[in-house]
Amino acid sequence: MSTIVADDHDLHVDHSHDGPVKGWRRWVYATNHKDIGTMYLIFSLAMFFSGGLMALIIRTELFTPGLQFIDPAFFNQMTTMHALIMVFGAVMPAFVGLANWMIPLMIGAPDMALPRMNNWSFWILPVAFSILGSTLLMPGGAPASGWTMYPPLVLQTGDAFPFLIFSIHLMGLSSIMGAINVIVTIINMRAPDMTLLKMPMFVWTWLITAYLLLAVMPVLAGAVTMLLTDQFFGTSFFLAAGGGDPVMFQHIFWFFGHPEVYIMILPAFGVVSEIIPTFARKPLFGHDSMVYAASSIAFLSFIVWAHHMFTVGMPLTGQMFFMFATMLIAVPTGVKVFNWTATMWKGSMTFETPMLFSLGFLFLFTIGGFSGLMLAIVPADIQYHDSYFVVAHFHYVLVPGSIFGLMAAVYYWLPKWTGHYYNERQGQIHFWLSTIFVNMTFFPMHFLGLAGMPRRIPDYSTQFSDFNSVASIGAIGFGLSQLLFVYIVYQCAQKKGPKATTAVWDNPQGLEWTVPSPAPYHTFDTPPRITSSTAFS
Amino acid sequence: MSNDDDRYYVPHGSHWPIVGSAGLFFLMIGVSVWLNGGDTGFWVMLSGAAIIIFMLIGWFGEVIAESEGGRYNNQVDMSFRMGMFWFIFSEVMFFCAFFGALFYARNMSVPWLGGDSNNFFTNFIVWDGFESTWPTNGPGNIGGDFEAMGPFGLPLINTAILLTSSATVSVAHHALLHGQRALLKVSLAATFILGFIFVILQAEEYIEAYQHMNLTMSSGIYGSTFYMLTGFHGMHVTIGAIMLTVMWLRVMKGHFTPTKHFAFEATAWYWHFVDVVWVGLYVFVYWM
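Going down the list, the sequences are from chains A and B.
Residues 1 to 537 (the working numbering) make up the first sequence, in order.
Residues 1 to 288 (the working numbering) make up the second sequence, in order.
With the rest of the complex left out, here is chain B (with noise of 0.2 Å):
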């Protein structure tokens, strides 16, 4: 602890921020370009990409070690939980847009394309013979028949596997909180393996869809609720995932008190929010 424990602790310059901006411009360059059908796109998407991940590295590195320097005061710490309350917040809002587009076509465009409400010439003229149901391709039977994701075996496997996650993430602060460091090393491994377990479990389902249940994105607007809703979440997952390794490892190196472990609460917050979101989806997508 530093001896002005009441100053709050303002950096000086730091230049992680414009090489992260570096990287986002190569890397947003680069995906445009590779979308357009440009080759050299996918190799300046990499290196973006790479400065983007050397940026993080250093970044996270530099405060760890402030923070491990006894930099940071009490306020300090409430300015970073009060930062990742309101970043979770925002990602929540992120997925409220497509959990809006699942109820938006389930409730209105895909009956009033069935003929809903005053929508019979719609669908006497424009789509004859379609039938609103769910899960559905559309009048176009877009991206051909298919098969729907149904709540049972590999979502239900994952949804046990999230939820026992969210228990040992809980079970690892308690430990934290009570100095009980080899039940905290303990099971905070078992949920970062239990993330990556999901994330493997989530690919298989996907290859599954693709071989042999011709569920694709292009599956109409089941497909692009289904693969952008669990996609989304699945790559959340597998930062949460990330973020729990490298909380695993600090852990191991002796980091964080039951008084100071702003980092690892944040990884905990952010593991309940991708559960919870896993919670919604499974109701939503998979269930009902």
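Next comes chain A alone, as it looks inside the complex (with noise of 0.2 Å):
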């Protein structure tokens, strides 16, 4: 099936290069993508667990109804803060670390276009979040309006309103050098005969989640500084007392945060369009209809933003407009659903690690699809919007979604970074506690926001307990499943597992699969041939 040049491996490889360096200038100094996408790969779990650990502080106190470890203003922090590390601390700079590691050795590059920037992105994340992290040390505490930092509210931050912005800004700051990088080297450093068209989907779905970075990361950064120049500078762009309005600040930040939630999901749209062709032993169904709709939902992810503000208010026809063009989403995102269907349709399956997350993350984003189906419907949100079935929603496309993926992708291309199997036995033990504890965590969510319980209060009406504490004892579960994984990553990265061959798994397609395991310090340093006009097309 693979229709990829395997046998010149020593082209691919310059024994010429010195390795890596000793010591930490190897890691602070970086220029090589893969240590760079290491790095962020690293810091992304950190923060993976920074973020779980505040989630389940928010759990524990909804164990039961009553205030009874923390108080309210405290667990506001922990639900802003739990939400700004997650999103921008976890999940895009460990799409960012796949990019890093995986792009350069799919499109046979020698490195990532513009090395030392890819650095800086990198290093200005620990600036970032020791920022961010630190506020909650200050005076007032840390942010306490939610990660979407709706004027009037969030300017009541004590003094860690300007460390918010600014960390923020340096976020933005971060996500625009490495989405430069990665267009840049998706258009510029492919193999010769590589066209778009046979791009593997995952530098495919990278390649437009880059561009949406592009587009909304500098209007966010307009945004917040709009909340600064209000508080410090006496600007009036949310005060309604001099023309301004808040909801305008609503406008402008979801903008940035509808797309925002597709540069989240894309990438794992891509990882999973890898590892189900791989397992199912079958190209890619629908290769082209992938990149269309890939590119389809990143267009509509620009004109759907105000379906978050249906209750503000806001005139009819708008509500009608982003309710439509929400709900169109639902038929590129068909497409790809029906096409991961597809490919395993008559397949010769086989069920390892990373397929059974890909068919956990198939299986449960769906759900997550579907109730975001539910809450574009304009009357039905107003009954569901700020209640529980808002988090069980962007919690099934967010876990199930985004972090099965990262999951999915860390265990399908880990023989490829460390040269070793990781243990398949403790990695389907990880899948399944995973699976069911995030289903108990979310899935009576659903419930508890139809029954009525508003999200962001540490305390509720005492019919809500019993599936709050179940809720609370899947997300402990939950947490404690994914120090399984850092044990068997860990292993993997000590060499305890059985040594990977070239091609990893069974005659997986891409070019990634063409270098030694682990792959070399540095690889394509003259470009690969690609044989067959029919790869990845």
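Since the hints were made in silico from the structure, they are not lab data.
Predicted model, so just to flag it, every value in this text is computed and none were measured.
Among these hints, one or two may not hold up.
[As the list claims (entries may be wrong)] Now the in silico label distances, taken between C-beta atoms and shown as ranges: (1) A:S295 - B:G280: 27 to 33 Å; (2) A:T311 - B:N141: 28 to 34 Å; (3) B:Y210 - A:P152: 47 to 53 Å; (4) A:I473 - B:G61: 41 to 47 Å; (5) A:P192 - B:G38: 52 to 58 Å; (6) B:L154 - A:L316: 42 to 48 Å; (7) B:F120 - A:S461: 34 to 40 Å; (8) B:D39 - A:A451: 49 to 55 Å; (9) A:A342 - B:P11: 55 to 61 Å; (10) A:L196 - B:L56: 45 to 51 Å; (11) A:R456 - B:G140: 26 to 32 Å.
[As the list claims (entries may be wrong)] Residues on chain B that point at chain A, a partial pick, calculated with CB under 10 Å: (12) H15; (13) S32; (14) L35; (15) E62; (16) V76; (17) F87; (18) C96; (19) F121; (20) F124; (21) I221; (22) T238.
By construction, the Cβ of each residue, glycine as well, lies at the ideal position given by its N, Cα and C atoms.
With the hints as a guide, bring both chains together as one complex.
Given below as structure tokens:
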């Protein structure tokens, strides 16, 4: 099935280069895409556990009604910081880490196009998150307005306020530079015969994601800059008395915020589109239609933002437009789900851990998609708004969606990174624990929301007790299960498993499987040859 | 030119990014502390800014040396071009946020405060007697009565200056392409001088607005959008003029050839970008 030359490894590996430098300089001065990718992945794992700890504080408080462990102000700080850390610190950098590691390998490039800027994109993140994290210790505490930072509430933040704004600026700076690097790498660094439509889906979805990042991160920077000047320099952007409007912030924020959710899911689509063909032993069904579907989703993501604001007050025509535009997204998303399913049709399937996570993704992300469709309906949304139904919806698309996509990617490519297989049995245990607990955590939230439990409140009415207890137990179980993930990855990085072959899996498609495992420090110093015009199309 | 021209140049480790991150750390912490009323923040901010300037000089210096040393083949050159192009695109989107705020205020929030659409009671109960007009500082008369900045006088002169400078930078580009170094030097110098004159006149306009027109950043939504749009634009003009000056110094040192001159072209693109933003500003902020 593989149509890519696999017999001339030595052409791809340049032995004249020296290996990595010793000591801390390798990491701090890094320009190697693999080193930078590794740093991104480790950083995002650390952020995943920080944000996860905050989630567990939230769920512990919500285990029973009443206030038992933390005061409401701190609860609000936890919900806000949990979201900011998970969105900007865990999911986004993890996908950038995958992009760094895999895109040059998948397109036959020697490195990312702009290696020094690549280093800076990463090393801004620890600065941004140390500034954000430090707000927990400040007078007035960490930001507590929700990650959406709506004025006028956010303007009541204490000393943390400017630190919040500037940390967002830094995250945006990092994302923009990362996105530029991804775009330039993909457009300018492909192996000579790799035309755009022959690119692997992961590369395609990342290309589209990078354009989304470039288009919306500056808008977020503009929005938070207006918050800053409203607070400190007397402007009236969000002050009705001055002719501004707090709702304007919501428009600008969600113009960023809705493409942002696709920024977090499109690379996961790409990952799943790589994995399912490998383990179904069939080429991806409808490769080109996948490209068009992802592009359509990206385009539509720019014209649906106000569905986050149906209850805020907007002309009826606006509500109608944003409702129908939102529901339209179900069409290209349906194309993708159909194609993944059709890829498996009559395939000779096996169920290794990456495939299990991809199947988990397929089922559970689709549930999140359906609840999203429900939320798109204006009269229904007026009921669901700000309830736990919304929390259930976006956690279904983010945890068994984005996070499962990331997990699948790590298991899929880990043997290529370390040169050794992970422990398959432990990987499958990790999958089943994660899947059971993720449903236990978030599925009851649908019922809680439909029954009227509001989100972002530390206390609740007693009739919500049972489902909340179940969700809290699930959350703690999910958190503990991820320790197993760290153990498995660590064991694999310590080269405890059997040695991986060059192809790693059973005849997978793609250039990354033509370099040795582990991938040498420098790969594709001279471009590889792609023999057949049918690769990935 | 190096002999392995087909090989993409991948630099070995660089310490400049981490220096830049350290600079950003001190800059952001410093500004935040300063805004919260801590006086030490000002000095921390300055030290952060100094580190960033040091980083920019060092990093660009290294890249210029590599470029002049022939380390960059055409593919690297193309990477730089694409990188600059998409960077400018992200800058355009940044300005879009503020233009969006301006259009939203003029077409939605201000008319709604005046009772437009289904907002009769908003107007009647909360802001009785407020009529939707532009320019406005809102129903609360925030910042007190002010005079709006008209399209004639300084803004018109500035428009002429910036459009002229856009022409001179194009002349410089053509001169570079055809090897006319003398014309290149003169027209590039004219460009950055015009750029700095623009910045000085813009400052003059601000002084006039603050001292005689009571038009300040606090003059409601008009003052907010006016100063944020023209301010960020002025900042970009300043950066662009500094870039042009650096290009001029490099030209004087004999850098750039008719075929290899990425930095010059990137600067020219950037200059056209600030010019286009200005045209948008002139039409929507000053004129209409």
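* Hint check, failures only -> 3, 4, 9, 10, 19, 20 and 22
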